[in-house]
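Colleague: Chains as they are written, first to last, in this note's numbering: chain L, 1 to 90; chain P, 91 to 180; chain F, 181 to 339; chain E, 340 to 498.
Think of the hints as simulated: they come from the structure by calculation, not from any bench. Computed from a predicted model, the values in this text were never measured in an experiment. Be aware that a few hints might be false.
What the hints assert, rightly or not - Straight-line C-alpha distance at most 20 Å; calculated EDC-like pairs for lysine to aspartate or glutamate:
#: 1; chain 1: F; residue 1: K308; chain 2: F; residue 2: E281
#: 2; chain 1: F; residue 1: K308; chain 2: P; residue 2: D148
#: 3; chain 1: E; residue 1: K396; chain 2: E; residue 2: E464
#: 4; chain 1: E; residue 1: K467; chain 2: L; residue 2: D58
#: 5; chain 1: E; residue 1: K467; chain 2: E; residue 2: E409
#: 6; chain 1: E; residue 1: K396; chain 2: E; residue 2: E477
To be verified - Covered stretches of chain L, going by a simulated chain E footprint (3 or more residues, C-beta under 8 Å):
#: 7; stretch: 28-38
#: 8; stretch: 60-69
All residues carry an ideal CB built from backbone N, CA and C; glycine is no exception.
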Amino acid sequence: MTSDHHAAGTATLVIALFAGMAEIAGSRNVELPWGGGTVADARRLVRGLHPALAPLLDRSAFAVGSRYVGDDTPLVVGDDVAIIPPVSGG
Amino acid sequence: MTSDHHAAGTATLVIALFAGMAEIAGSRNVELPWGGGTVADARRLVRGLHPALAPLLDRSAFAVGSRYVGDDTPLVVGDDVAIIPPVSGG
Amino acid sequence: MMEHPAGRADGAQGGAVIQREPIDPAVLLAAVGDPAAGGNVLFVGTARGVTDGVITKSLAYEAHGPLARETLDVLRLQALARFSLTACRIVHRLGPVVAGEASVAIAVSAAHRREAFAAAEWLMERIKADVPIWKCEERDDGGRTWVHPVAAGRPGGAA
Amino acid sequence: MMEHPAGRADGAQGGAVIQREPIDPAVLLAAVGDPAAGGNVLFVGTARGVTDGVITKSLAYEAHGPLARETLDVLRLQALARFSLTACRIVHRLGPVVAGEASVAIAVSAAHRREAFAAAEWLMERIKADVPIWKCEERDDGGRTWVHPVAAGRPGGAA
Numbered sequence: 001m002t003s004d005h006h007a008a009g010t011a012t013l014v015i016a017l018f019a020g021m022a023e024i025a026g027s028r029n030v031e032l033p034w035g036g037g038t039v040a041d042a043r044r045l046v047r048g049l050h051p052a053l054a055p056l057l058d059r060s061a062f063a064v065g066s067r068y069v070g071d072d073t074p075l076v077v078g079d080d081v082a083i084i085p086p087v088s089g090g
Numbered sequence: 091m092t093s094d095h096h097a098a099g100t101a102t103l104v105i106a107l108f109a110g111m112a113e114i115a116g117s118r119n120v121e122l123p124w125g126g127g128t129v130a131d132a133r134r135l136v137r138g139l140h141p142a143l144a145p146l147l148d149r150s151a152f153a154v155g156s157r158y159v160g161d162d163t164p165l166v167v168g169d170d171v172a173i174i175p176p177v178s179g180g
Numbered sequence: 181m182m183e184h185p186a187g188r189a190d191g192a193q194g195g196a197v198i199q200r201e202p203i204d205p206a207v208l209l210a211a212v213g214d215p216a217a218g219g220n221v222l223f224v225g226t227a228r229g230v231t232d233g234v235i236t237k238s239l240a241y242e243a244h245g246p247l248a249r250e251t252l253d254v255l256r257l258q259a260l261a262r263f264s265l266t267a268c269r270i271v272h273r274l275g276p277v278v279a280g281e282a283s284v285a286i287a288v289s290a291a292h293r294r295e296a297f298a299a300a301e302w303l304m305e306r307i308k309a310d311v312p313i314w315k316c317e318e319r320d321d322g323g324r325t326w327v328h329p330v331a332a333g334r335p336g337g338a339a
Numbered sequence: 340m341m342e343h344p345a346g347r348a349d350g351a352q353g354g355a356v357i358q359r360e361p362i363d364p365a366v367l368l369a370a371v372g373d374p375a376a377g378g379n380v381l382f383v384g385t386a387r388g389v390t391d392g393v394i395t396k397s398l399a400y401e402a403h404g405p406l407a408r409e410t411l412d413v414l415r416l417q418a419l420a421r422f423s424l425t426a427c428r429i430v431h432r433l434g435p436v437v438a439g440e441a442s443v444a445i446a447v448s449a450a451h452r453r454e455a456f457a458a459a460e461w462l463m464e465r466i467k468a469d470v471p472i473w474k475c476e477e478r479d480d481g482g483r484t485w486v487h488p489v490a491a492g493r494p495g496g497a498a
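Just chain L, with the same shape it has in the complex (with noise of 0.2 Å):
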C-alpha cells in the first residue's frame, strides 16, 4: 500500500479513458485528488469532474492493471487504474 506516503488532498489518482468516454472527456486520462477509497469513490469523483461520462460511466467496470475490479476495491495512487466502458470488440 502506498497511500499512506501521500498527504490526503495533496495526491492525485490517474485513471485511463478509452474509447468514447476519451473522446467525451476530450483526455485519455481524468486525474483525482485522492486521499483514499474505492472505485465506487472513485466513480463519484469523475462523474463530478465529468457529468457527460456519466451514462457510460454507469455500464463501466473498472480495472486495475490487468484486472477488473469491484465497487468495494480500495484503490492507492500508483494504481494503474482504467475505467472499461461497454466492449464492442469481435
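On the provided structure of chain L, position chains P, F and E as indicated by the hints.
Modeller: Relative to chain L, chains P, F and E alone:
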C-alpha cells in the same frame, strides 16, 4: 414407363449396393426377377436373396437416380435403383 | 421442391462438391467472403488418428455420386434460405483419407455470427444424416469396418 | 483462479494474441490441427462494408492491452477445459481495419464437432462481452462513432 415392354418374370431389376452392404453381399449389385412392384416389394425380394443383409436393409432407404424414394414408389426395369444404408459421411 | 434464393452473389455452381483431391479449407473460406458478411464460419472434419485409444491408420469414403451431389446441393440451398446466408460452400472427400486430413469442409457467411454458426451446425447434422457417403475405417491392426451408425434413421428422412 | 489444463499439446504461449497486422485465418486453423481432433471450427469476424444499407468505410479498434490479453488468455484456458478442446487460438486485430478484412479470428479443435462448435460460439459471446476492445465505425459520410452497446452489462461480468 418401360415396364410394359418386359414380360413379367423374365425381366431383371438391377439394384446397386454400397459400402457394408456390398461387402456382405459380395457384390456391388443385386439382380431381382421383376414383373413390376414397389420399393417394398423389392425390399422383400432382396431380403429373400440375401438374408444377411436384413439388419442393414431395415435401416436403409431406396433411391432412384438422384432422389430418395418411399416404400410405396413403383419401380420399373431400367430404373437406376440403389439401396442407401445408414450413412457415415462428414 | 426447394427455394432458390434469387440474386445471391453465390451461385449454385461449385457450391457443393465431392472430390478425390485433398481439401484446401483456405480456398473455401475465401470463397464465402462478402461485403455484407460479418460472420464467417468454417468447419473442417478431420480423420482422427486416435479414437478412444484405438489407432486408425486411414479412412476411405465411398458415395452414391449423383444422389450425394443432389442432396448436398439441396441442403446448401436450404441453408442459404433458412439462415439468410450470404454464401455457402461444401466439399466432401472421396477415396482414401489419411489421419489428420480433412474429410469434409463447409464454409458459410452471414451478416451476423449467430446465423453463420447455426447454419454450419445444421448443415453438418444434415450431411451426417442424409448424404449417401460412407466411411470405411482401416485400423492399424489390418482390420477394416464400414460404418453404418445404428442410432441413425433411414437416410433421406421421411422418404 | 483458473484451471490450467496440464499436458495439452497447445501451450498458453501464442494462444491469444492482439495484433495490428492483418490476420491470416489459415495459419490459425493449421495451428489447432491435432491427431486426436475430428472437429475443427474457425470463426472469422469481418468488418462489414454495408450494415442495414449504411456504408461503413472502415473500422478502428482500440484496446486496454494488458487487460485484453489477460482476459483473452483466461477465456482461452476456460474454453480448453470446459469443452475438452485439443487446441485453441484467438487473434484480435487493433487499429484500422478496412471493410472485408478480419477483425477477429478464433480456431478450436476437439475430438467431436459439437464441442468445437459450442466452444467457438461460447468464446465469441464472451469475447464480445468481457474483453476490453472497442470499435470505432468510420462511415462513408465522414462521421465516426465509438460503439458502446447499450444492452451490454458491465464488462468483466460480476467483477
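Colleague: With reference to the structure, classify each hint as holding or not holding.
Modeller: Do the hints match the structure? See the list:
Under the criterion of a C-alpha separation no larger than 20 Å, the hint pairing K308 (chain F) with E281 (chain F) is consistent with the structure, at around 18 Å. Taking the CA atoms of K308 (chain F) and D148 (chain P), the gap is about 19 Å. The hint holds against a cut of 20 Å. This hinted pair does not check out: K396 (chain E) and E464 (chain E) have alpha carbons roughly 25 Å apart, beyond 20 Å. Note on K467 (chain E) and D58 (chain L): the hinted pairing holds, with a Cα-Cα distance of about 19 Å set against a maximum of 20 Å.
Pair hint K467 (chain E) plus E409 (chain E) holds up; C-alpha atoms about 15 Å apart against a cutoff of 20 Å. Using a Cα cut-off of 20 Å, the hinted pair K396 (chain E) and E477 (chain E) holds, with the two alpha carbons roughly 6 Å apart. For the stretch 28-38 of chain L, the assignment as covered by chain E is violated, since 0 residues bring a beta-carbon within under 8 Å of that chain's beta-carbons and 3 are needed. Evaluation of the coverage hint for the stretch 60-69 of chain L: fulfilled, as 8 residues show C-beta separations to chain E shorter than 8 Å, against a requirement of three.
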